[in-house]
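Produce the entire structure from the sequences given, and follow the hints as far as they go.
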Amino acid sequence: MSNSEKVNIWEKVNISAVVASVIVAATGVFVGIYMDKIKCFFKPQESNCSELCMKHTRISGTEGDVGDTGWICSKEDRESELMYLGDDDIYWQNQELSFKTEGVDKFSNAKICGFYSGVNDRGAKIERNDCSESSNNYEGKISLGNDIDCCGRNQNLAVTISSQKKNYEICLLNRRKNSSSGKIFNSGWQCNSENPVNYIDLGDHGKWKDQYLRFEIRKKN
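Residue numbers (the numbering used here): 272 to 492.
The reader is advised that the hints may include incorrect statements.
Here are the simulated BS3-like cross-link-like pairs (lysine-lysine), alpha carbons at most 30 angstroms apart as the crow flies [as the list claims (entries may be wrong)]:
1) Lys346 <-> Lys382
2) Lys436 <-> Lys491
3) Lys346 <-> Lys480
4) Lys396 <-> Lys490
5) Lys491 <-> Lys326
6) Lys437 <-> Lys346
7) Lys436 <-> Lys396
8) Lys454 <-> Lys326
9) Lys412 <-> Lys382
10) Lys478 <-> Lys437
11) Lys454 <-> Lys480
12) Lys490 <-> Lys437
13) Lys478 <-> Lys412
14) Lys382 <-> Lys490
15) Lys437 <-> Lys491
16) Lys396 <-> Lys346
17) Lys412 <-> Lys490
18) Lys346 <-> Lys491
19) Lys478 <-> Lys382
20) Lys454 <-> Lys436
21) Lys412 <-> Lys480
22) Lys480 <-> Lys448
23) Lys346 <-> Lys326
24) Lys454 <-> Lys382
25) Lys437 <-> Lys480
Label-pair distances were calculated between CB atoms; the ranges are [claimed, not checked]:
26) Asp475 <-> Lys437: 27 to 37 angstroms
27) Asp475 <-> Asp348: 24 to 34 angstroms
28) Asn457 <-> Arg424: 31 to 41 angstroms
By construction, these hints were calculated from the structure, which means they are not laboratory data.
Backbone N, C-alpha and C define an ideal beta-carbon position, used for all residues, glycine too.
What follows is the structure, given as structure tokens:
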């Protein structure tokens, strides 16, 4: 057997090993998900059996296109992915933030509430709030206004949670970029349990782009 033939054999062995490792990894992920479902069925109180979910919907004022982030979910003590809230220069209309819990466990009886406030172009303060019912998979929804004629200044947002044990809180973080300077603004985490005490600042209309929201449900010490 020549040296070149030996090299080819080992290349095939290495490729087979890589393929096998990928298969094992994929199988492990599948088995892990399946085992999590079984565990949640028998022990629904476990923290990894429930999720807090949110989505943002909007209509472009220039094109009339509908934007929908889809449901973005986060398990207990795990930050969600960034949720896109749009750019001010596109003039989003009919913006809504929806929220719910998913799962079969302890958050299924949690009441989630959203609170929004802003000042419109006439200087009048606008306040909105809505709550999910105390049942699993019920969707609550609040309006975040239109960029053109409503609630363009002093926009603030808070989300609360009321659960049986009263030992949880929902935390929000807003990140956005100044349209002129390009400077990044980060609100830092603002958390609430049953009362809307700590709001995140969503900024004034016309100044921001690449706006995002991140959220997390946390167990209090």
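Original post:
Where does the structure disagree with the numbered hints, that is, which hint numbers, in rising order?
Top reply: Per hint list: 4, 7, 10, 16, 19, 20, 24, 25, 28 violated.
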